[in-house]
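Student: Residues per chain are reported as follows:
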Amino acid sequence: MSAQSTEPLAPEAPVVTLRGVSKTYRQRRRQNTVLDAVDLDILPGETLALVGESGSGKTTLARIVVGLTDPDAGRILTLGKDLDRRDKQAAAARAQLVQMVFQDPYASMNPRMRIRDVVAEPLRTHRRTALGAAGIRRRVDELLESVDLEPSIAHRYPHECSGGQRQRIAIARALALEPRLLVLDEPTSALDVSVQAKILDLLAELQERTGVALLFVSHDLAVVSGIADRIAVMADGRLQEVGPCREVLTSPSSEVTRRLLDSVAHPDPRRANPRLTERAGRRRA
Amino acid sequence: MSSPQISLTTAEPADASSDAPGRGRLDITLVLSTGFLGLVVLLALFGPLLVGDPEEQNLLQRLAPPGSAGHLLGTDQLGRDVLARLVVGSRVSVLVGITAALLSGVIGSVIGIVAGYTGGWTDRVLMRLTDVQLAFPTLLLALAVIGFVGPGLWNVILVLGITGWVSYARVLRSEVISLRTREFVEAARVMGVPGHRIMVRHMLPNVTGPLVTILTLQVGTVILAEAALSFLGLGVPSSIATWGSMLSDGQLYMGTAWWLAVLPGSALLLTVLSINVAGDAVRDRWDPRTYTS
Chain A
51 MSAQSTEPLA PEAPVVTLRG VSKTYRQRRR QNTVLDAVDL DILPGETLAL
101 VGESGSGKTT LARIVVGLTD PDAGRILTLG KDLDRRDKQA AAARAQLVQM
151 VFQDPYASMN PRMRIRDVVA EPLRTHRRTA LGAAGIRRRV DELLESVDLE
201 PSIAHRYPHE CSGGQRQRIA IARALALEPR LLVLDEPTSA LDVSVQAKIL
251 DLLAELQERT GVALLFVSHD LAVVSGIADR IAVMADGRLQ EVGPCREVLT
301 SPSSEVTRRL LDSVAHPDPR RANPRLTERA GRRRA
Chain B
16 MSSPQISLTT AEPADASSDA PGRGRLDITL VLSTGFLGLV VLLALFGPLL
66 VGDPEEQNLL QRLAPPGSAG HLLGTDQLGR DVLARLVVGS RVSVLVGITA
116 ALLSGVIGSV IGIVAGYTGG WTDRVLMRLT DVQLAFPTLL LALAVIGFVG
166 PGLWNVILVL GITGWVSYAR VLRSEVISLR TREFVEAARV MGVPGHRIMV
216 RHMLPNVTGP LVTILTLQVG TVILAEAALS FLGLGVPSSI ATWGSMLSDG
266 QLYMGTAWWL AVLPGSALLL TVLSINVAGD AVRDRWDPRT YTS
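Residue numbers (the working numbering), protein chains in the order written: chain A, 51 to 335; chain B, 16 to 308.
Since the hints were derived computationally from the structure, they do not count as laboratory data. Be careful, since some hints might not be right.
[What the hints assert, rightly or not] Derived coverage of chain A by chain B (criterion: at least 3 residues anywhere in the stretch with Cβ under 8 angstroms from a Cβ of chain B; other residues may be distant): (1) 78 to 86; (2) 157 to 170.
[As the list claims (entries may be wrong)] Over the 12 angstroms line for every Cβ pair with chain B, so calculated as not near, a few chain A residues: (3) D89; (4) L90; (5) D154; (6) E195; (7) D235.
For every residue, glycine included, the Cβ atom is placed at its ideal position computed from N, Cα and C.
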């Protein structure tokens, strides 16, 4: 708990609160419970990693947080308010508080739109009257700059950009409305290892600057260990354990976490787990 | 020192052709088809100024074969100049084809995209509507409506335009259903982009390929449908020459004066073919992912 106490988390109210969130898909006669009464708080400015094997329900949980999927039961409070997806005003309010970066940056952009329009879309939807056409153009340049891209990239189409550039663009777009929470669904798994590290650095830097909370969904504890404040481990639609990054990595309380830790690939197998925690500690210092 | 230079210069043309595979072949068909279409449109616009009166009859020169003095493409059973009638007739074909296909394109796109994106009850109602429309033979419906409101150029356009939307609606609906679950549409939903904007900004631009394909096919179908209606005497009034009515009159003389049916028939065939070929090319180039800059 010593690492946790230095974090400025406790006094503020959660950005998103999940209580008893459940989701069941019915396939003919079989019922498939993807989420089973999940309780989770996402705190302002923190990086919460949501890890689990594929099929554990982590992506469904992320989709529920951003409002892409409706839960069967339970409540989702965004800044203490219940924002119903079917209510237009509530949906607009949620869009400005919670944004998402998808796994495949290429698929998450309309191939017929230039980068300028991709990044401008959230602004045109919510800030058209406030900013005006010239204001939107300036803001797009600003956003591209904030993710270390040249403003000249704005004239290109998504297919004319590299994978890393696309994910930066997706991040710029997600940050356009200055959300309080950014949900990242495996944001680096479609990228080369060298690009992955740069994107993770960028996210950390942006978080420091803007104070946005990150919900980082991943199947890979190695990726998460370097950036997470807290880790939530999911399996079979339930949260197996939630705790500070260091604690979960060094003394996992659940079998699932131990299995995930064992599955992490290492350049040097003899130094498997200590290496993970070493990185986590370095980042925190 | 000179060898790399030589290899550079010889490699250049090979590179240029491998950058755009099949481009040369595409260009020839494209040039031919757009050239022909341009000619048809030009003839429709200005042709009537160049040729004689298509209605002038000369019973002494009935059924003159092509190449006769003063009649390049011969005359028909009333001694009217076939070339003049072909040129004037292109006006009706071009006008009806393009306007009716565009009209049904607008109706069909709206219905298809709304049905596919909205889903649920809206989708079910709209799709039953297309089933009903599809169960009705288009030409029969057109006949009934024309019989009711009376023949006339704009009535024909309206009827063919309103009855032709089904293929657009069907194809675009299925395209939109597959687009709906794509990540960029979900991203737009997360951003709070309203449904109508998603349909216009994200759906429509991504269905232009099939849309243009159906549009070009539909132009051909509509031109043929107008010809069929004129053939049955229910299309454009017989006082106006159209390819369809020429074909209908000409088939009576197939054995003795082949040019009366073959010439308007060929004009029809070449026009429809050119539209389809040009449409394919347009569709290929429309996509920003396929053109090289």
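Student: Just pull the numbers of the violated hints for me, sorted ascending.
Tutor: 1, 5 and 7
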